[in-house]
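S.K.: Taking the hints into account, I'd like the entire structure generated from these sequences.
Same order as they appear, the protein sequences are chains A and B. For the record, in the first sequence the residue sitting at position 216 is 207 according to this note's numbering, with numbers rising by one throughout. For the record, in the second sequence the residue sitting at position 4 is 6 according to this note's numbering, with numbers rising by one throughout.
It is possible that part of the hints are untrue.
Here are the simulated EDC-like cross-link-like pairs (lysine to aspartate or glutamate), alpha carbons at most 20 Å apart as the crow flies [what the hints assert, rightly or not]:
{"#": "1", "chain 1": "A", "residue 1": "K227", "chain 2": "A", "residue 2": "E198"}
{"#": "2", "chain 1": "A", "residue 1": "K319", "chain 2": "A", "residue 2": "E287"}
{"#": "3", "chain 1": "A", "residue 1": "K(-7)", "chain 2": "A", "residue 2": "E51"}
{"#": "4", "chain 1": "A", "residue 1": "K258", "chain 2": "A", "residue 2": "E198"}
{"#": "5", "chain 1": "B", "residue 1": "K184", "chain 2": "A", "residue 2": "D33"}
{"#": "6", "chain 1": "B", "residue 1": "K205", "chain 2": "A", "residue 2": "E13"}
{"#": "7", "chain 1": "B", "residue 1": "K184", "chain 2": "A", "residue 2": "D25"}
{"#": "8", "chain 1": "A", "residue 1": "K332", "chain 2": "A", "residue 2": "D33"}
{"#": "9", "chain 1": "A", "residue 1": "K227", "chain 2": "A", "residue 2": "D217"}
{"#": "10", "chain 1": "A", "residue 1": "K176", "chain 2": "A", "residue 2": "E198"}
{"#": "11", "chain 1": "A", "residue 1": "K(-7)", "chain 2": "A", "residue 2": "E14"}
{"#": "12", "chain 1": "B", "residue 1": "K184", "chain 2": "A", "residue 2": "E26"}
{"#": "13", "chain 1": "A", "residue 1": "K332", "chain 2": "A", "residue 2": "E51"}
{"#": "14", "chain 1": "B", "residue 1": "K205", "chain 2": "A", "residue 2": "E14"}
{"#": "15", "chain 1": "A", "residue 1": "K258", "chain 2": "A", "residue 2": "E272"}
{"#": "16", "chain 1": "B", "residue 1": "K223", "chain 2": "B", "residue 2": "D143"}
{"#": "17", "chain 1": "B", "residue 1": "K184", "chain 2": "A", "residue 2": "D30"}
{"#": "18", "chain 1": "A", "residue 1": "K(-7)", "chain 2": "A", "residue 2": "D120"}
Honestly, the hints are just simulated from the structure, not real lab data.
Chain by chain, the residues run as shown.
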Amino acid sequence: MKIIILGAGQVGRTAAYHLAREEANDVTVVDVDDEVLRDLQDRLDIRTVRGNGASPRTLEQAGAAGADMLVALTNSDEVNMVACQVAWTLFRTPTRIARIRSPDFTSRTDLFISPQDGTTAAGGGFAVDMYVSPEQLVTTYIRRLIRYPGALQIVDFAGGRVRLVGVRAVQGGLLVGQQLRNIRKHLPDIDTRVIAIYRAGRSLRPEGDTVIESGDEVFFLAATKDIRLVMSEMRKREEPVRRVVIAGGGNIGLRLAQELEEDNQVKIIERDPARAARISEQVSSAIVLNGDAADEELLVEENIDSVDAFVALTNSEEANILSAMLAKRLGCPKVMALISKPAYAELMETGAIDVAISPQTVTIGSLLAYVRRGQVEQVHSLRRGAAEAMEAVAPSRPGGAVVGRRVEEIPLPEGASIGAIVRGEDVIMAHHDTVVEPNDHVILFLTDRRHVAAVGRLFQA
Amino acid sequence: MKLGATAGRVGVIPGARGALRQNVYPIVNVLAAVVMVFSITMLVPLVLALARRDDGMPGFVTSAAVCFFGGLGLWLATYRFRREMRIRDGIMLVVLAWTVVPAAGALPLMLDGRGMSFTDAFFEAASALTTTGSTAISGLDELAPSINIWRHLMHWIGGMGIIVLTVAVLPLLGVGGMQLFKAETPGPMKDSKLTPRIASTAKALWLVYVGFTIACVVGLKLAGMDWFDAFCHAFSVMALGGMSTHDASVGYFDSVPIELVLIAFHVVAAMNFATHFLAVRGRSLRVYARDPEAKAIVAVLVISCLVASLYLFAVGTYPDPWTALRFASFNVVTIATTCGFSSTDFGQWPIFVPMWMLLLSCLVCAAGSTGGGIKMIRTLVLVRQSGREILRLLHPSAVLPVRIGGQVIRNEIAFAVLAFTFLYFMSVVAATFALLLTGLDFVTAFTGVVASINNAGPGLGLVGPASNYGLLDDLQTWILSFVMILGRLEIFTVLVLFTPAFWRK
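M.R.: Printed below as a string of structure tokens:
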């Protein structure tokens, strides 16, 4: 597939990295910054074009006429929207994805009725097939983590019917120190499946006799309503979060505060007085504090030791790490930090910080899912890319490699396994003799992400 | 971001063996692949030798076997040390490839029963691969056809580049391929790719190259050559090499149509193959009008041909203007584009014209062409840069970008061009002095070095168009072999190996 990516920022670079790694994709990245492009071209096998992504000339140079997809990821909503429109009007680029962060745009769905859908009622809106808002995605992600204290990562499948949850096993969980098969005895009525265990950074293959140790990262699949119960197998049931402190009143911080303030006591720490004043007008019950999140006195003054969760969301990941570590030391039981660099996240999650949130992983998951559209509904990276969980839809007609076959008969690539099957409203944990029916949503787990494309082909009719 | 994750995961293994594993074996692995690809090209002359049962056969069997199995063995032995090429590896690999591959190409030349020394055979192979076209062999007309086609095939492969070929054929180099690509392709600006994937860029370039070569073969056949000569000369002209199957070079044919066809393809090969690719893809000739280099090349060549023929007519070298135009045009074009055929002994012409031709060979060819020299784009940058300095004297506070064909050249590139030109001339001076030290006369030494660093071919004096480089002694031959490779890899790539910074950890 020929893909043009506009914008070589964090999200753009990560998207380029993931897409260029798949043999079948030809990726061209467009940005205004020459330096960034040269650096990127030295690292990835892609083409780069310098210029404004919304300008017809630049798009033509980047090959929009022959491209299959345009992914507009610049930091300007307006540029992204115009770029999609230009690509459609002038070059008929079939698929256009835009990053749009402002809810002001995204709340008006009429704005994005694509002319090619045929629903060009009033001349149509911007020719955007799909928009992603990294801020919104990250906010939702964090909110979910706060709802399930103890979870490291939560991914929705099949429209939220099934969730994949990563959790760190801690002494006090019912299953810790026991063999995996005992989970059936503890929870006889609940169907769940442990699909991966990471111990000291290495992946273990979960078998019935695997003993869960304290400190393991356990990934399991379960129906959404059963998540809390399964989690309690891995660590002591935690009290729901009540009091939250957010460091950084940027886009994500503000959104998170707005979404949490109804059910929780929220405090936002913002360093810039002008920004603090502005966000204080936009929240209702949350308290905005003007100060430095890494200021010990401020944290103590605000009773950090009685806060349930501390979330560091400033633009600087170094500041996030430091303030989160400080909050942890001052007695906050759960600290999270927004960390972009995977190397930092790896360092921090070994204990200093409870959850490292990687904005790219969150954003890229839904973006890639759309890019690989077709039979593959979703692809999510676990442990920041060490493994991959994906949802694929079985073809509607019988025949082929999947439909009508037992799970053990499906010729999956090496390292891939089927975790669960969602059939209508039912969630079925896959066993070796489960038969896949047409239109089943199959949730797979892959240890090697290079096989994602192979699995996608398998599910094509 | 997981960029550069591979680099980060490689642990530090202490000790000399660790250093070998980390730094040497991965390069050897790719080098072995390059040698294997190269050995496969030996099958062409091998088939010809088998068909004609000529003297080259045993040599080709041995060389192809040695190169293929040697390469395979090394490749397998170092397979588990494979990793992405880094900048340093890329430079090292390209220089090594351009040393090892000529040595491999020299093998058949030594084994055909004429008893050629390794020095001369290496010179011949290096001259072929760098598309210089100087020869140390006299009696080309009697040479086994398989040996002759091998010399021309090496021209052709070297023209687009050994590494570019390997990148096109074996997709195993990944991103690192770009580093190698950059180190081998000539020109000051190599960041723009034709297609997103490096392997498909390399393939596209080779396809255009093959297409033009086929057109050239047909053209030469129609103009009166036999198939064998047509293939050899098409390989030679498309690579801007200049070797011929005859001692008298193109003069042997004494045919105006052949010279016209050759002139046309000289000009084609002297242009940037990226421009050709865009023209083919867009099915439009307008691309050429937009390429400042292409325009400048045509202008310089036309003016030079006219001036040279008028001058030769005026001083009485040729009695009638049409003969003057014919000989002047062919020889000026072939030397200026660094090809280096000859249709007459231009060494006998008044010195103004041959010196003018040698000067042109320094600057006519485009970046990304198969020719050598400083390259037209650098010449244009130098001209504009000089113009800017002059203008600045008049308007001390003017902001003056260097602009070529509407595109602004960044200052860093202008500086790199200045540095390149300085190194280029210093290399000429140093190599000329080295040859003078060995006792060669000045004209031979200077023109030999200029012709070698530009990958042009014939010089003047002892190495003029009527004679060959076989007269030089071993040391002189090695110096010129080095100068040819230096010129082909555009100096920086080779010289960086001689800096302490390259070897520092």
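S.K.: Decide, hint by hint, whether the structure agrees.
M.R.: Right, here's what the structure says about each hint:
1. For the given pair, K227 of chain A sits about 23 Å from E198 of chain A by alpha-carbon distance, which is inconsistent with the 20 Å threshold.
2. With a CA separation close to 11 Å, the supplied pair K319 of chain A and E287 of chain A stays within the 20 Å bound.
3. Between the alpha carbons of K(-7) of chain A and E51 of chain A the distance comes to roughly 13 Å, so the proposed pair stays at or under 20 Å and holds.
4. Pair hint K258 of chain A plus E198 of chain A does not hold up; C-alpha atoms about 44 Å apart against a cutoff of 20 Å.
5. Note on K184 of chain B and D33 of chain A: the hinted pairing holds, with a Cα-Cα distance of about 10 Å set against a maximum of 20 Å.
6. With a C-alpha separation of about 19 Å, the suggested pair K205 of chain B and E13 of chain A falls inside the 20 Å cut-off, and the hint holds.
7. As the CA atoms of K184 of chain B and D25 of chain A are separated by approximately 17 Å, the hinted pair is consistent with the 20 Å bound.
8. Between K332 of chain A and D33 of chain A, the direct Cα distance comes to roughly 19 Å. Compliance with the 20 Å bound is thereby established for this hinted pair.
9. Restraint check: the Cα-Cα separation between K227 of chain A and D217 of chain A comes to about 16 Å, which is no more than 20 Å; the hinted pair holds.
10. Note on K176 of chain A and E198 of chain A: the hinted pairing holds, with a Cα-Cα distance of about 16 Å set against a maximum of 20 Å.
11. Straight-line distance between C-alpha atoms of K(-7) of chain A and E14 of chain A comes to about 11 Å, which keeps the hinted pair within the 20 Å bound.
12. About 17 Å separates the Cα atoms of K184 of chain B and E26 of chain A, which keeps this hinted pair within 20 Å; it holds.
13. Distance restraint check for K332 of chain A and E51 of chain A: the Cα-Cα separation of roughly 33 Å exceeds the 20 Å cut-off, and the hinted pair is therefore not satisfied.
14. In summary, the hint linking K205 of chain B to E14 of chain A is supported, as the alpha carbons are separated by about 16 Å, within the 20 Å threshold.
15. Restraint check for K258 of chain A and E272 of chain A: the C-alpha separation of about 14 Å stays at or below 20 Å, so the hint holds.
16. With a CA separation close to 19 Å, the supplied pair K223 of chain B and D143 of chain B stays within the 20 Å bound.
17. A distance of roughly 14 Å separates the Cα atoms of K184 of chain B and D30 of chain A; the hinted pair therefore holds under the 20 Å criterion.
18. The suggested pairing of K(-7) of chain A with D120 of chain A holds, with an alpha-carbon distance near 17 Å, which does not exceed 20 Å.
Checked against the numbered hints given earlier, the structure breaks hints 1, 4 and 13 and satisfies all the rest.
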